[in-house]
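Numbering (our numbering), first residue to last: 2 to 524.
Calculated from the structure, these hints are not laboratory results.
Check before you lean on any hint, since a few could be wrong.
[Claimed, not checked] Here are the simulated DSSO-like pairs of lysine-lysine, each with C-alpha atoms no more than 30 Å apart in a straight line:
hint, residue 1, residue 2
1, K313, K359
2, K359, K400
3, K345, K335
4, K359, K345
5, K366, K335
6, K290, K269
7, K254, K190
8, K269, K254
9, K295, K190
10, K254, K290
11, K359, K420
12, K366, K311
13, K270, K295
14, K313, K366
15, K400, K345
16, K311, K290
17, K420, K400
18, K295, K269
19, K254, K345
20, K311, K359
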Amino acid sequence: MTPASDTDRVWIFDTTLRDGEQSPGATMTHDEKLEIAELLDDMGVDIIEAGFPIASEGDFRAVSEIAERSKNARICGLARANFKDIDRCAEAVRKAAQPRIHTFIGTSPLHRAIPNLSMDEMADKIHETVTHARNLVDNVQWSPMDATRTEWDYLCRVVEIAIKAGASTINIPDTVGYTAPEESADLIKRLIATVPGADEVIFATHCHNDLGMATANSLAAVAGGARQIECTINGLGERAGNTALEEVVMALKVRNDIMPWRTNIDTKKIMHISRRVSTVSGFTVQPNKAIVGKNAFAHESGIHQDGMLKNKETFEIMRPEDVGIAGTALPLGKHSGRAALRDKLDQLGFEIGDNQLKDLFVRFKELADRKKEVFDDDIIALMRVGEDADDHLQLVSMKVMCGTGGQAEATLEMEVDGKDASAAENGDGPVDATFKAIRKIYPNTARLQLYQVHAVTAGTDAQATVSVRLEEEGIITTGESADTDTVVASARAYINALNRMIIRRGKVGEGADTREISYKDLA
Numbered sequence: 002m003t004p005a006s007d008t009d010r011v012w013i014f015d016t017t018l019r020d021g022e023q024s025p026g027a028t029m030t031h032d033e034k035l036e037i038a039e040l041l042d043d044m045g046v047d048i049i050e051a052g053f054p055i056a057s058e059g060d061f062r063a064v065s066e067i068a069e070r071s072k073n074a075r076i077c078g079l080a081r082a083n084f085k086d087i088d089r090c091a092e093a094v095r096k097a098a099q100p101r102i103h104t105f106i107g108t109s110p111l112h113r114a115i116p117n118l119s120m121d122e123m124a125d126k127i128h129e130t131v132t133h134a135r136n137l138v139d140n141v142q143w144s145p146m147d148a149t150r151t152e153w154d155y156l157c158r159v160v161e162i163a164i165k166a167g168a169s170t171i172n173i174p175d176t177v178g179y180t181a182p183e184e185s186a187d188l189i190k191r192l193i194a195t196v197p198g199a200d201e202v203i204f205a206t207h208c209h210n211d212l213g214m215a216t217a218n219s220l221a222a223v224a225g226g227a228r229q230i231e232c233t234i235n236g237l238g239e240r241a242g243n244t245a246l247e248e249v250v251m252a253l254k255v256r257n258d259i260m261p262w263r264t265n266i267d268t269k270k271i272m273h274i275s276r277r278v279s280t281v282s283g284f285t286v287q288p289n290k291a292i293v294g295k296n297a298f299a300h301e302s303g304i305h306q307d308g309m310l311k312n313k314e315t316f317e318i319m320r321p322e323d324v325g326i327a328g329t330a331l332p333l334g335k336h337s338g339r340a341a342l343r344d345k346l347d348q349l350g351f352e353i354g355d356n357q358l359k360d361l362f363v364r365f366k367e368l369a370d371r372k373k374e375v376f377d378d379d380i381i382a383l384m385r386v387g388e389d390a391d392d393h394l395q396l397v398s399m400k401v402m403c404g405t406g407g408q409a410e411a412t413l414e415m416e417v418d419g420k421d422a423s424a425a426e427n428g429d430g431p432v433d434a435t436f437k438a439i440r441k442i443y444p445n446t447a448r449l450q451l452y453q454v455h456a457v458t459a460g461t462d463a464q465a466t467v468s469v470r471l472e473e474e475g476i477i478t479t480g481e482s483a484d485t486d487t488v489v490a491s492a493r494a495y496i497n498a499l500n501r502m503i504i505r506r507g508k509v510g511e512g513a514d515t516r517e518i519s520y521k522d523l524a
């Protein structure tokens, strides 16, 4: 068993800032990464994987600053199996009170073929690189990428090599979300029982959600003896995402009868960080998402409502307060004051300063004048607006004319880096004309990959939340905005995505982007 097997402790390793940011369009700015890292540290995350330092100067700088600022968490950086990556990672985390290097290599037949290494050559590389990392920091984590599709004998061999070379944590990734819970538990259990030295290290699990079983696989691995779970806020990550931090933590808390393990996470801060990650990444949490979805504690059925009124435990296995949502409601309207708005924000898990409240209150009043009642989701949507990326581009005013008589026409006034600019364009509809006018003011080659409109609340006066995804030369960014006018929300979402594109271009310009790093470098 692992050194933690005689306790009930499970270590939470959050990789929102590394694996989560790899979701197409989820790139965060430097300040956003620092903010999320601070929230993770404050909520009790044990290890924060702050980024991939070799990827770019921007990523290196973010990891370095997070390492220097962190108060409680161990700060980790990712490195491939080569000395250049590992040296860069060590430099990035060196100011952390508890630095960790996480180095990895793909060990399955499919992944061995990429650098064209034989089993023996790869084994030698693992020994060399883990040893090198261990000589630079006291705490090294090693991962055999695609472990769940690696031959059993070879997996045991390379895990033993990594342990002997000095790795103190062995992470077993289900890189493509291929395994099932029974297999996940059995794999960890067999490794602990088979590999020499396994009782001297912590075994970890990193599960992807391609088949929708990431959380189940992670908890099963813990049942098999793993004592570290790798996860992300909202399950953000490559393809279908990762194990969601909020899901595993609350599962351990709610079902402590059959999963008698504990974490140090302050669950009352879950909803706040979930919403911040959603805002800065541009990835809206689906309404029926476990724990943090807007419907997670909503009851519409008459039978359910009747049961809730008589006894909340009838249809709720956890309290909203457990994840940072107050159980009471406060109706808001145009006569509400700042105190009522702040109280509602506190109930919804948002923490804002006086200046941000002042700005939000103005927009709230504007909305309340147009709506009979302002709902919780309206407030959440307002919070998303105004938290955009750096505003190189700002919408000043717009006017759109459309109808059955011909093409729509949009006239826009904008500020481009503080300078006024305007344009008018025709289009096949109001949104098409608006986007053309924006492109005329700020010429770009970004291709519209996604355009989605969702009604935040019911009724003809509902706010519309618009999501836009742009792609330009391999760079993908997202923008989101909400307004009772769908075309206005569309313009702001498009401009928000362009602002993020500008920031992303700057990040790429500072150093090589992750897409430019080839697996050939592993050889």
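Straight-line Cα separation of K290 and K269 no greater than 30 Å? Distance of about 17 Å is within 30 Å: holds.
Taking only the CA atoms, is the gap from K420 to K400 under or equal to 30 Å? holds (20 Å)
Starting from K366, check that the Cα of K311 is at most 30 Å away, please. violated (36 Å)
Has the given pair, K254 with K190, been kept, meaning a C-alpha gap of at most 30 Å? holds (23 Å)
Distance restraint between K269 and K254, which requires alpha-carbon spacing of 30 Å or less: holds (12 Å)
Taking 30 Å as the top limit, are the C-alpha atoms of K359 and K420 close enough? holds (26 Å)
Going straight from one Cα to the other, do K254 and K345 come out at no more than 30 Å? Distance of about 27 Å is within 30 Å: holds.
K270 paired with K295 [C-alpha distance capped at 30 Å]: Satisfied, since the Cα-Cα distance of roughly 16 Å is no more than 30 Å.
Distance restraint between K254 and K290, which requires alpha-carbon spacing of 30 Å or less: With Cα atoms ~18 Å apart, K254 and K290 stay inside 30 Å; holds.
Hinted pair K345 and K335, Cα distance within 30 Å: holds (14 Å)
Please verify whether K313 and K359 have alpha carbons no more than 30 Å apart. violated (36 Å)
Is K359 within 30 Å of K400, Cα to Cα? holds (27 Å)
When the structure is compared with the earlier hints, violations turn up for hints 1, 9, 12, 14, 15, 20 and for no others.
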